[in-house]
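Protein chains: 2
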Amino acid sequence: MAVFLLLNFVGMGARAEDGYWLWLRYDELPQEMRSQYRGQLRQIVLETEETPTVSVAARELSDGLSGLLGRNVPVSDEGARGAILLVTGEAASLYDLDLSDLGEDGYLLRTLTDGRRKLTVIAANEDDGLLYGVFHLLRLVQTGEDISDLNITSVPRIDIRVLNHWDNLDRTVERGYAGQSIWDWHKLPDYIDPRYTDYARANASIGINGTVLTNVNANATVLTPPYIEKVAAVADTMRPYGIQVYLTARFSAPIEIGGLETADPADPAVQAWWAGKADEIYRKIPDFGGFLVKADSEGQPGPHTYHRTHAEGANMLADAVAPHGGVVMWRAFVYSENNPVDRHMQAYDQFVPLDGKFRSNVIIQTKNGAIDFQPREPFHPLFGAMPETPLGMEFQITKEYLGFATHLAYLAPMWSEVLRADTFVKGEGSTVAKIIDGSLEGHEISAMAGVSNIGSDRNWTGSQFDQANWYAFGRLAWDPAAEPAEIAEDWVRMTFTGDDGAVGTILGMMMESREAVVNYMTPLGLGHLMGTGHHYGPAPWVSELGRPEWNPVYYHKADEDGIGFDRTKSGSNAVAQYSDAVAAEFADLEAVPEEYLLWFHHVSWDYEMPSGRTLWEELVHRYTEGVRTVSGWRGEWASLEGRIDEGRYRQVADFLRVQEKEARWWRDACLAYFMSLNGLDLPAGYAPPARTLDEYKAMVFPSAPGN
Amino acid sequence: MAVFLLLNFVGMGARAEDGYWLWLRYDELPQEMRSQYRGQLRQIVLETEETPTVSVAARELSDGLSGLLGRNVPVSDEGARGAILLVTGEAASLYDLDLSDLGEDGYLLRTLTDGRRKLTVIAANEDDGLLYGVFHLLRLVQTGEDISDLNITSVPRIDIRVLNHWDNLDRTVERGYAGQSIWDWHKLPDYIDPRYTDYARANASIGINGTVLTNVNANATVLTPPYIEKVAAVADTMRPYGIQVYLTARFSAPIEIGGLETADPADPAVQAWWAGKADEIYRKIPDFGGFLVKADSEGQPGPHTYHRTHAEGANMLADAVAPHGGVVMWRAFVYSENNPVDRHMQAYDQFVPLDGKFRSNVIIQTKNGAIDFQPREPFHPLFGAMPETPLGMEFQITKEYLGFATHLAYLAPMWSEVLRADTFVKGEGSTVAKIIDGSLEGHEISAMAGVSNIGSDRNWTGSQFDQANWYAFGRLAWDPAAEPAEIAEDWVRMTFTGDDGAVGTILGMMMESREAVVNYMTPLGLGHLMGTGHHYGPAPWVSELGRPEWNPVYYHKADEDGIGFDRTKSGSNAVAQYSDAVAAEFADLEAVPEEYLLWFHHVSWDYEMPSGRTLWEELVHRYTEGVRTVSGWRGEWASLEGRIDEGRYRQVADFLRVQEKEARWWRDACLAYFMSLNGLDLPAGYAPPARTLDEYKAMVFPSAPGN
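So the sequences go chain by chain: A and B.
Heads up: the first sequence at position 337 corresponds to 337 in the numbering used here, and the numbers run straight through without jumps.
Heads up: the second sequence at position 36 corresponds to 36 in the numbering used here, and the numbers run straight through without jumps.
Which copy is meant is left open, because identical chains are indistinguishable; a pair holds if it fits in one copy or across any two.
Computed list of lysine-lysine pairs in BS3-like fashion (alpha-carbon distance at most 30 Å, straight line):
(1) K284 x K661
(2) K284 x K697
(3) K661 x K557
(4) K661 x K697
(5) K557 x K697
(6) K426 x K569
I should point out that these hints are in silico values taken from the structure, not numbers from a laboratory.
Please model the complete structure; the sequences and the hints are all you need to start from.
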């Protein structure tokens, strides 16, 4: 009864909060917070031409501040008291603001005092910068920051800050856990879902300036005229928000929709077809961003079919979009059907020899690690190994390997860990971030891509907390040095509550969460232990799939004596792909960071860890710690009941219950399996697996999403 | 810019109405409407045991009235002034109310006057009846009816009022145009989406008391233990709302999940397997409704594989669920792979000989017409032809053949047309309704099924107006004699507005809509002219599909001389399956109703119609009229701007634009094709098709949903 009535309540007339409004809620601030802004934020004055983007910026600022301050903050004609000035170009000189270092997307937030009058100025060279500045000012107010003496300059470190939608034309989403694709291809271009506009607003608010609408496992149909019309309609909606649309290009499209016999990049007819296709697209979408390509990987077509290199394939497409200012993002995620070499090494082996051979508008889009978005991987050895080529970062926002929609896992710490990793390729301080942003090697273009977790679910991302990953990706793409904890706090305050106690509780859970997932799924450098196909749940025992590197046993190599993948000289020697300093550290059993231990070394079960525990004891301890952490959150979250809205409180509470159950499942299934190999008992005080190994092996999940 | 800003507005902070709340909005009524209820609706008093269903009823009434009247209407302990009494069983005698004719689901709404005190009584034998009475009282208040002297008795004519979800376990929905399945099988049973409760509320509010969760093209997986757990969790949520859960039974399940060699219904092991499976289900779901089965049709497995009849197959399942009070709904929608007989006749041929051979808990679920949910079909000849067998009605709420989500087509007039059709099997007045409700032939059980149009879209049904079809289905299942216009008016007032002018406009559009669709798609008795597979758009030219009855040309039989399917003696003689009186009318070219002309007759293009036009001229006229009607709505709808909320106003306006475009496409493509056969010109004053026939033939729709 009780439970039922509660659900009933959540469901009904109350019109419960459901998370649709993300971090752009603009609900009225508490009186004490509002009062400090009253004098300073009375009206908005445009000292710039009113373009669509400026209209959007002014409207967002007016609507946002009106909601937050509980009184109308209009756009007016002249700067009376408490004016917020939106300034671009020439007008900046009136307030002698120096915009010379702001580039296209940067902005200034400045408080000017003119006698007893205060003016708040948002200034930028371009309209997009103005829009970003508006969202920054709104964030300061949403989070209750003091704005009485602003002096902020913000310029993005990365040029192309782009979402990758692995969305198919039938609205299924590969590795999507938030419902269908938001792109309703069937109704486009005739029906423009208002949600597209909210999508654009949310992305602009975090600095994202590009979106790849379609799956990297591409369908050439999207390049046919009716679909180009549909894409153009989406692009028209994105444009005022400074967001460029990109598409995935299926390498075999000239055959599939072009009627050619070949897709050989050296064939003039193929080159002409792509050039013509690019012209056709740019006629409809003048600001089209370009193509993202997955080629010669996991069954996708590519230049190798014609004995051409990735460079020859990428350059052909680059030449097609170059006249229009487009770019090609060519993925480095490649491994071959029949290459026996450690999968970890194959991308490096294929791409390093091509360094310097790519056109200037090609970016090699590289995953953070060399395998595939595992809960923890060392940075990809390609970073720093192709100094003459811009490398773009590919992070996965959708939680393919971190618990799908239900698990709380805040990913900014994981991404930041990689961005801050030091490659030492040009000595200490040669961080991955400096390679991505182009500063280390002086590249003209830079890019960071996030594989989207967005879908048609009302809350956009399938859970309340997964919104934070979308948010944090945008903030890190703008500033790779940003602090994950600061990003999280902004998000919590804008999304849930300004109550400091509650913020502290939620922030604590978020900041623990990624490590907790690592612990209950793949501690100490383990990886790729998940179920086959859908990647749901643990299946470390899987050993009979068609290709060796499809099997979890390929990655953990556990046996009676020990566990781990020897990537030192005595093994695959993948460590040699890193700079000498890094290679030396990773190759040394004593020096390798504990969290990468089993990634690079095969270690005996009785190996003594720094903790004094044996490896086996440490492994059991970590798995158990992961579960314990999640259990703790349930109590912490329960303390927030009544302090955040019922609708979101309830969903998170339910999801934490699921996460605890699944964390225990991961721990128990993995330990049951490893015990079946090493014959060891659990250390004293650790609970045995709840079920037998055979029971875990027998579980099937026909409805697991995203596959 | 203008358009863009509008979208922006719809999308943003305004938190636009999106239709989620259906007809259960409970927004405060205008002052003048509220005042009349103040005195009479002050508090709720329970004179019945507080069961989960009574709690739900009391809470719904309290929340609903509190919202509508803008003041708290609490549940209190004793009947002071202005009390609403919820009364069951014994307590009824206190107010000497006679509940003897109400059955399980019926209820009384009565105003009792005790001196100057008025009491409003909702009385029923069972809790479910009380819940239905509560929703009736709420409807009266939502629509501003006078309740000062209530004397209403309402008893459903049909026992089983059930939705059929053609939902797959991967959340795709066959013929679904509203997103994914709302059943999140992956997260069940651990996560209960609050939406399940709103689904239950909406269905209970219109008298629906059953739901089949899974597709008739069934997957045996749903009968495995983990899925039975999931189904039980849904059933627990539905139970307080008086809704029973049913599943589709895949006939070959004993082989696929039972490990048997056969699914032969005569095999004792098979019988035992189904009996055991039923026991297993009922242990988890004591009020499980039973099975819906599609067998030996369109590739589905069935008893014919074992040379058994539909009766033998149905009876085996009926015996399995009978001890638990379950039923089997066995579909009559069958036609054979290789039967050359007119498809129209095959269900009759197969089922009539089995009349009297089915167990008493079997219902033969029969589509309204003999082909397949076309915009207009004559009633199915099975109605009245199986007097010893309860026939259930199967209507299709989802608009597979009536324009998917975007076309406005209010279906109650179509359904009512069939329910009111007179079979004459027992003389005049032998209506289909009387056969369905069991009164004509004195059956114990009766059922009406609606193929659901519900999905995960925020507005539930893919469009605002498609909600009306869900609503109307429930109302007609309760009372097949209900007036479609009255149902529509209730829905409009509850869903959109109480403004009489606006109500009139919207009601006018709704009541014209089904005929408009018939006109622009399949006028004068044409049918099955749609695109292959996805069924989107016109394709009357398709002639080369694997089986004759898959091709539109099979149905229209148009040639140089004429058009239409001769189902008289000179043709398939399908008319002979109807009673003599009906057969005589349908067989007579002069007597057949114009709307069925080409359904039963092949008619020459120059045949003179009652209008004085030739058939060709009449066909062109009807197609053109259909388009004209839709064009007219756009202006009528525009007149409502500002009189209904912006969010829903805009979506409907956009969808009407799509409908007009597609109506013209249907007209032009069909006329272009028929002209290619008959070589006739268009009559003077009629616009030629916008494109060439080849252009229409070349159109493809890779993203068309629901296939």
